[in-house]
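**Q** Counting from 1, position 37 in the sequence shown corresponds to residue 37 in UniProt numbering; the numbering is continuous, with no gaps.
No wet-lab data here; the hints were simulated from the structure. It is possible that some hints are incorrect.
Straight line, CA to CA, 30 angstroms or less: simulated DSSO-like cross-link-like pairs of lysine-lysine [stated by the list, open to error]:
no.	residue 1	residue 2
1	LYS64	LYS89
2	LYS22	LYS34
3	LYS36	LYS22
4	LYS12	LYS25
5	LYS36	LYS12
6	LYS71	LYS46
7	LYS71	LYS81
8	LYS36	LYS46
9	LYS12	LYS22
10	LYS31	LYS46
11	LYS73	LYS46
12	LYS46	LYS34
13	LYS36	LYS25
14	LYS66	LYS81
15	LYS71	LYS89
Computed Cβ-Cβ distance ranges for the label pairs, DEER-style [claimed, not checked]:
no.	residue 1	residue 2	range
16	GLU47	GLN84	37 to 43 angstroms
17	GLY35	LEU60	35 to 41 angstroms
18	VAL68	LYS31	31 to 37 angstroms
19	THR86	ARG54	32 to 38 angstroms
For each residue, glycine too, the CB sits at the ideal point set by N, CA and C.
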Amino acid sequence: ALRGQLQTYGSKFQHFQEALSKSDKVLGQYKRQKGKMQQRAQVLQKENQELQVRNERRILQVSKEKEVLLKDKDQMQERCKALQSTRQKLLEEVQTLGG
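From just these sequences and the hints, can you work out the full model?
**A** In structure tokens:
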């Protein structure tokens, strides 16, 4: 009877050790995956910061370009108005001279 109990307990202990070993293996895999994910997250955060800095620089550059282009547009509109005015005066002179 005692040998039967001893064998039963031995078998249960063996199953417990196997379960513990599997659990340890799974925990090790989890820790490795967690480490990889943390490294990947750090890389992605760094990339994100670099992209944000680049984006902010690009926005500033585009804003400056826009200002320059708007000034150019305003100058061109003023020149166009001046040319139209000159053209109108010349047309009026031609009409008065022609008759």
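**Q** None of the hints should be skipped; say for each whether it holds.
**A** A quick look at each hint next to the structure:
1. LYS64 - LYS89: 38 angstroms, violated
2. LYS22 - LYS34: Roughly 18 angstroms between the alpha carbons, so the hint for LYS22 and LYS34 holds.
3. LYS36 - LYS22: Distance of about 21 angstroms is within 30 angstroms: holds.
4. LYS12 - LYS25: 20 angstroms, holds
5. LYS36 - LYS12: 36 angstroms, violated
6. LYS71 - LYS46: 38 angstroms, violated
7. LYS71 - LYS81: Holds: LYS71 and LYS81 sit about 15 angstroms apart, inside 30 angstroms.
8. LYS36 - LYS46: Holds, at about 15 angstroms.
9. LYS12 - LYS22: 15 angstroms, holds
10. LYS31 - LYS46: 23 angstroms, holds
11. LYS73 - LYS46: 40 angstroms, violated
12. LYS46 - LYS34: The hint holds at about 18 angstroms.
13. LYS36 - LYS25: Status holds; Cα separation ~17 angstroms.
14. LYS66 - LYS81: Roughly 22 angstroms between the alpha carbons, so the hint for LYS66 and LYS81 holds.
15. LYS71 - LYS89: 27 angstroms, holds
16. GLU47 - GLN84: 37 to 43 angstroms: 53 angstroms, violated
17. GLY35 - LEU60: 35 to 41 angstroms: Hint holds: Cβ distance 38 angstroms, inside 35 to 41 angstroms.
18. VAL68 - LYS31: 31 to 37 angstroms: Between VAL68 and LYS31, where Cβ atoms are some 56 angstroms apart, the hint is violated.
19. THR86 - ARG54: 32 to 38 angstroms: This hint is violated: roughly 47 angstroms between Cβ atoms.
Against the hints set out earlier in the document, violations occur for numbers 1, 5, 6, 11, 16, 18 and 19.
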